[in-house]
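A.B. asks: Listed below, chain by chain, are the residues.
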Amino acid sequence: MEKTINISLKIWRQRGPKARGAFETYKLDGVSTDSSFLEMLDQLNEQLVAEGKEPVVFDHDCREGICGMCSLYINGHPHGPDEDITTCQLHMRKFKDGETITVEPWRSHGFPVIRDLMVDRSAFDKIIQAGGYVSVNTGGIPDANAIPIPKPVADMSMDAAACIGCGACVAACKNGSAMLFVAAKVSQLALLPQGKVEAARRAKAMVQKMDDLGFGNCTNTGACEAECPKNISITNIARLNREFLSAKIKD
Amino acid sequence: MSTDKNTKTIVAKVPEGALSEKWSNYKAHQKLVNPSNKRRLDVIVVGTGLAGASAAASLGELGFNVLNFCIQDSPRRAHSIAAQGGINAAKNYQNDGDSVYRLFYDTIKGGDYRAREANVYRLAEVSNSIIDQCVAQGVPFAREYGGLLDNRSFGGAQVSRTFYARGQTGQQLLLGAYSALSRQVHKGSVKLYTRREMLDLVVVDGKARGIIVRNLTTGKIERYSAHAVVIGTGGYGNAFFLSTNAMGSNGSAAWQIYKKGAYFANPCYAQIHPTCIPVHGESQSKLTLMSESLRNDGRIWVPKKKEDAQAIREGKLKPTEIAEEDRDYYLERRYPAFGNLVPRDVASRAAKERCDAGYGVGSGLAVYLDFKDAIERLGKDVVEARYGNLFQMYEKIVDENPYETPMMIYPAIHYTMGGVWVDYELQTSIPGLYCIGEANFSDHGANRLGASALMQGLADGYFVLPYTIQNYLADEIRTPRISTDIPEFVDAERKISERVERLMSVKGKRSVDSLHKQLGHVMWDFVGMGRNKQGLLKAIDDIKKVKKEFWSNVFIPGEGLDLNTELEKALRLADFIEIGELMARDALHREESCGGHFREEFQTPEGEALRHDDKFNYVACWKYLGEDKEPEMIKEELNYEFVQVQQRNYK
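Protein chains in written order, with this note's numbering: chain A, 895 to 1145; chain B, 4 to 654.
Hints listed in this document are in silico derivations from the structure and should not be mistaken for laboratory results.
Note that beta-carbon positions come from the ideal geometry of N, C-alpha and C, so glycine has one too.
You can trust all of the hints, since none of them are fake.
Here are a few chain B residues that face chain A, going by a calculated C-beta distance under 8 Å:
hint: 1; residue: Arg79
hint: 2; residue: Gly284
hint: 3; residue: Ser286
hint: 4; residue: Gln287
hint: 5; residue: Ser514
Full structure from sequences and hints, please.
C.D. replies: Here it is, written out as C-alpha cells:
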C-alpha cells in the first residue's frame, strides 16, 4: 500500500556563520508518503553520500516532537505547512508528486547559522539562566501536597510549560522577538505558588537578557502563536507584560 | 569494590543492617567534604538528561566546581525529555495500600529478581523526595479538583502511584532539572559545554581524572580534567538501529569506560516496549512510543479467527467490523489479575506470540489497542483529556483517527536495563568514576517497570550521587587541580585523533546508516524478543562481519577536523557494533529466561519466562581484556535476604 512521490528540493547551504549561503536544488525520487520529512532528508543525504558529497546538515534528535531540536523553515513556515507539529512529525503525505519544496534554516538575528540548516540557539539557554527557575536547592522541601493548587491553574501552567524551546516563534516573528518563549516560562512559574515568590525578579531578568541578546520587540502580530508547534498562547505575553510592568512600578 | 582473584566475584559494598536502615546508616557514617574544600574540587558530569542535569545542579549547589557536557545544542534536549507516562513514588496519596516496601517489592519482582535489593530499596525510599523536589521547582504535575496531586496506574503494580504531567512527564521533569542546572550556570558553579561528545576517559594512576571530547561544531579534540568523572549518558538501545531512542542516543561513553576497565553488567537485558507505532518501511529512521499509560484504558486484541486477521491484512476488512465475540483480548484472557497492565516484557512477548501464530494485523506485525470501550464508558472528552496529545501524535504519524478506529501497535526496543556496573555508591570499578541513570545497570534487574526510569534518573542525580561521591572526594582534598598537559591526556588525545583519522581514511563505499541498519537487522532477528543458542551464535558471527565491513568499506565525506555529522554517526556505530556483540555474548551465556531476556529454550509449559536461580542468580559483569580478545565474565552474586524469590505471576 506504500505510495511514493518524486520531489525537488531547494535547500539553503551555508558553510559557516560568516560564509555566504545559497540555495541548491536537488531531485529526489521514490519518497514514501509514509516517511517523515526528516526521513526524506535522510534519504537525500544517503543519495548525496553515495555521490561522495557532504550531506545537508540539520539539527534533529528525538523525532517525536518533544526535544525541540528540529528547526526547519519549510515553504515559508517554521516546521512546515501542517499545524501543531514539529518538522520531525511532518509527513510526506502532505506534499504532492512533482512538488518543489523550499527548506531554509531559522532566520533571525538571535540564531546565527552554524552550517546549512543548523543554527545556534544558545541564546535561549542564556535567557533561562538569567532567571527562568525557582531558586530552590535539592532537599529540605515540604511535602508535595502541602500547598494545594487549583486544577485550572495547574492546567494553565502546564499549557505554558509545554514550550519545547525550538525557536519557531522567533523565526516566525518579523521582529525576531523571543517574547512568546520568555512569556511561556514566566507564566508557567508565575501561575504557581512555588514560582510566585520570585515572579517580578524573574520577569525583569529574563526580559533584560532577551533585550541584551538582540532579540526584537513584540508588536503583537501573533505570528508566533500561529506557528508554534505546541500551541503556546499569546495570552502568556499579556501575562508577562503585567508581571514586567508591576515589577517596574515597584522599582 | 574488592575483587577476589580466585572466585572471580565482586562485592558491591552494600552497608550492613536491616534493609530500611542501610541508606540512613550509610549517610550517617560516610565522609563529607567541607565547604571551603568543595570549591577546590572539580567534577565532570557527562550528559544532561534527568540523571546528569540533576547531578550537575545538585553538585553545583553543594559548592563543587562542575563541568557539564552534552552532545545537543542545549541541555534541555536530552532524551529524558521524551518520556511520556509518568514517575513512580511511594507517597500513598491514593490511600490504596502503597508504601516504600511495596514500591521496592514491585520493582524487584518486576525486574524478575535480578536486581540488587539494597539499591532498589534506596530507590523506593528517596522516591517521595523527588516528587517534593519537582513540585518546588514548578513542575506542573496533574492535579485533582481539590488541588492535590493526581495519580494513575502503570504496568506491574496494583496501586496508583504514578505522578504525571499530561503525556509529557519526562519533558516537565527534565525542564525542572534543567532550570536547577541553569541556576547554577548563572551562579558560576557549573560550566556548560554543549555540542561536545565524549570520546575517551583519562585514567591517571588508576583513578578517573578527565575526559577527551570532540567539539561537534569545529571537530577539534579537547581535554578536560577533574577530580572525579560522572557518566550519565543513557542507554545503548540504538544498537538495534530502530528503537524509541533519539537519533543521537548512543552507548559510546559507556563503551569507552568499559574499554578503560569499568565492568559492563548484564548487557543482554534490553527492554522491548509493547506499545510502539509499527514500522512503516525501509526509510524508517526511528520508532515512536505510545505511552504505557494508554493500557490503563485501552484494550489490546487481535482477531480470534485467522481468516479475519488475513482479511484485515489484505485491506478487505476493518477492525471495527469484527464482532466482539470474534476478538481475542489475549492479555485479559491469559492474565486475568493484571489484564492489560502486565509488565512490559510479558505484554511484548504476548504480542509477538499472537503475530507469529498468524493473528497479526497491519503488515502482520501489529496488534490493536482499542479505546472503544473507554470512550463509551468515560466519554470522548475524558479520553481526550487523558491521552489527547498521544492520540494527536498517532494520527499525525499513521494518518488514522484513534478515536474512531483502534490504534495499531507493536513492540520495539526502548530501554536498556544493562549497563555500566556500579557498586552501592554508584561508583564503577574504576575509582573516581561514577555512572548514573540508564547508563548504569543498577536498579531494574532484567526488566524495568513503567514510570521507574524517571524515578531512577532523578534519584541517582538529586539524592544518591551527591552524597556518595563525597565519600571519595573527601580523600581528594589534597589533590591540586589536574593539568591536561600531563602525558596521560596527551596520549589519550593522540589515540582519539588517530581513530578519527583511521575512520576518515577508509574511504569505502558504504554509508554509515546502511551499515547501522545491517547491524540492526542482526540484533532484532537474533538478539531481540526471542533468543536461542543457534541464533545468538549466528549473531556473533554476523556482527563480526558487520565490523569487518565497517572498518574496510565505510565512507565518510568531509573532514575530521570540521563539523561532520557522518563522522559523528560513524564513531557511535563503531561502538554499537562492539556493544551488539557483547549483548549477544551475554545472552548466549545466560541459559535461562528472565525479564527482557527470553531464551526460547527456557520457558514454562505456558510460555512464560523460566529462570534458573540455582545457576544464574548473579549479575554478569564483563571485563574488557583487549581488542579481539574474549572478555572475562565476573560475577556479583545476588543474595536475596529480604524478599522471597519466586516465579513471577501476573495471572
